[in-house]
Each structure stands twice: as structure tokens, then as C-alpha cells.
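Asks: Here the protein sequences come in this chain order: A and B. Using the working numbering, read the first sequence as starting at 28 and increasing by one per residue. Using the working numbering, read the second sequence as starting at -7 and increasing by one per residue.
Don't take each hint at face value.
Claimed, not checked - Only part of the chain B face toward chain A is listed, based on derived beta-carbon distances under 8 Å: (1) GLY8; (2) TYR56; (3) MET80; (4) GLN96; (5) ASP100.
Claimed, not checked - Distance condition first, Cα-Cα at most 30 Å in a straight line; then the derived BS3-like pairs of lysine-lysine: (6) B:LYS62 x B:LYS10; (7) A:LYS81 x B:LYS(-5); (8) A:LYS81 x A:LYS95; (9) A:LYS95 x B:LYS49; (10) A:LYS132 x B:LYS45; (11) B:LYS5 x B:LYS49; (12) A:LYS81 x A:LYS136; (13) B:LYS(-5) x A:LYS82; (14) A:LYS80 x A:LYS95; (15) A:LYS136 x A:LYS82; (16) B:LYS49 x B:LYS62; (17) B:LYS10 x B:LYS45; (18) A:LYS80 x B:LYS(-5); (19) B:LYS63 x B:LYS49; (20) B:LYS10 x B:LYS63.
Source of the hints: derived by calculation from the structure; they are not laboratory data. Beta carbons are placed, not taken as given, at the ideal position from N, Cα and C, and that holds for glycine.
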Amino acid sequence: KNEVEQSPQNLTAQEGEFITINCSYSVGISALHWLQQHPGGGIVSLFMLSSGKKKHGRLIATINIQEKHSSLHITASHPRDSAVYICAVNNMDSNYQLIWGAGTKLIIKP
Amino acid sequence: DVKVTQSSRYLVKRTGEKVFLECVQDMDHENMFWYRQDPGLGLRLIYFSYDVKMKEKGDIPEGYSVSREKKERFSLILESASTNQTSMYLCASSLQGRGLNQPQHFGDGTRLSIL
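Between the sequences and the hints, there should be enough to build the whole structure, so can you do that?
Replies: In C-alpha cells form, the structure reads like this:
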């Protein structure tokens, strides 16, 4: 079993829909990261969370430490949000290494 | 803004060749990382370095080596390239942060094909 599980693996939605991507983990963590990867390769860090909720524009990330679960929400989705969204966690036993989820491929249709 | 630059976006090499992938960051970050990314597998750590001349094996170091002679530059070396090393290679850097978690900043990736 992977230590970081994302769902769904693939998601297709219409422009304007509210999007939720989930991340569950099984290890003790010191932080959780959400990242975005557009076609072509480059990865951009969206959020780093250790508790509660963060918001940036139309993106909202939440984390529930007790349930070992995080969600990434996109409000008023747009075709330019189409990308792979990746969850990663800092294992408490390591300051350097991240444990990576496999990613969620999101397609927003106009 | 942090800039992480990988020397090539696309690279085609032959089996048995020695391949060098170069990565340079401009923000004086202590930590640097090399990952490979394959469909369905997510990112897997090959090697990382937390200081000049220091290196640590990641999850899949076999067939690879690294070099960090200067703080800003981290090189990944495929000693004798094989077809199963065809992949997307991503370099990242981060501040050491004295134990605090720091976000990693990524380059655009190198898509390497071994024929």
C-alpha cells in the first residue's frame, strides 16, 4: 500500500464546476504539500500545510491531521486549471525527503 | 523568484553512453534533489544533496551517480545508459530551514530517451 494515496486518479469536469481532489496518508507528517504540473513538465508548489486551511485565489487546501487527510479545492474551474495535481508529505523522520502521491490528472472542458 | 535551470528539455542518447544532466539554482539553496517521473508511478527520488560534496541515496540510486562541487550546481550522471532509464528527470532545490519544512522549487524537467 502506498503511503500517500490520491483520488481520483483522473477527473474531467466542465468549466465552472467546483473541483475536489483528495489525499490520504498513512505516516506521521510534519507538513503536506500540494503541487501542480502542467503539460510540458514544470512543477509548481501551490501550498504547504501543517494544519487548518490555506487559500490562494480560487484554490483552497485543507488538512485534517487526526484523519490524515487533505483536500485541494478549485472554485469556478477554468480550462487553464487543467494539469496534474500532486500531493506530497514530509515524513516526520526525514527533513529532506518527500513522500509523493501518484498525482491526479484534471481536465476542465470549456 | 527562485530559478532552477536544467540544461536540456529533451535529450536522446544511445545505450551504453555516459549521460550528464545538469541543474543550476540561483537562490543559494542548501538542498538539491534529482527525481525521475514515470507514468503511474509519481516522482521517485534518485539522489539528494544537503551541502557541497555531500550526497545521499534516494529510493532508486542504482545506475546513477551525482556530483555537487559547487553549491548552485547538482549533476546527475548515468554511468552507462540503459533503455529502462528513459524517463522524465526533474531537479529541485530547497532551503535547509533548520529542520523546518521548506517547499521544493523545480526545474522544467529533462525528457531523456535512451535508444
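Asks: Does the alpha-carbon distance linking B:LYS10 and B:LYS45 stay inside the 30 Å limit?
Replies: 21 Å, holds
Asks: Are A:LYS81 and A:LYS136 close enough, with their CA atoms no more than 30 Å apart?
Replies: The hint holds at about 26 Å.
Asks: Does the alpha-carbon distance linking B:LYS49 and B:LYS62 stay inside the 30 Å limit?
Replies: 19 Å, holds
Asks: Given the proposed pairing of A:LYS80 with A:LYS95, does the C-alpha separation stay at or below 30 Å?
Replies: At roughly 14 Å apart (the allowed maximum being 30 Å), A:LYS95 and A:LYS80 satisfy the hint.
Asks: For a C-alpha distance cap of 30 Å, please report whether B:LYS63 and B:LYS49 respect it.
Replies: 18 Å, holds
Asks: Does A:LYS82 sit within 30 Å of A:LYS136, going by the straight-line distance between their CA atoms?
Replies: The hint holds at about 24 Å.
Asks: Please verify that hint: B:GLN96, Cβ, nearest Cβ of chain A, below 8 Å or not.
Replies: Holds, because the Cβ-Cβ distance from B:GLN96 to chain A comes to roughly 7 Å (cut-off 8 Å).
Asks: Any CB of chain A closer than 8 Å to the CB of B:TYR56?
Replies: 16 Å, violated
Asks: Given the hint that B:LYS5 pairs with B:LYS49, test it: the Cα-Cα distance must not exceed 30 Å.
Replies: The given pair, whose Cα atoms are some 24 Å apart, holds under the 30 Å limit.
Asks: Below or equal to 30 Å on CA atoms is what counts here, so check A:LYS95 against B:LYS49.
Replies: At roughly 28 Å apart (the allowed maximum being 30 Å), B:LYS49 and A:LYS95 satisfy the hint.
Asks: Given the hinted pair A:LYS81 and B:LYS(-5), is their alpha-carbon gap at most 30 Å?
Replies: 25 Å, holds
Asks: For B:LYS62 and B:LYS10, compute the direct alpha-carbon distance and say whether it is at most 30 Å.
Replies: The hint holds at about 21 Å.
Checked against the numbered hints given earlier, the structure breaks hints 1, 2, 10 and satisfies all the rest.
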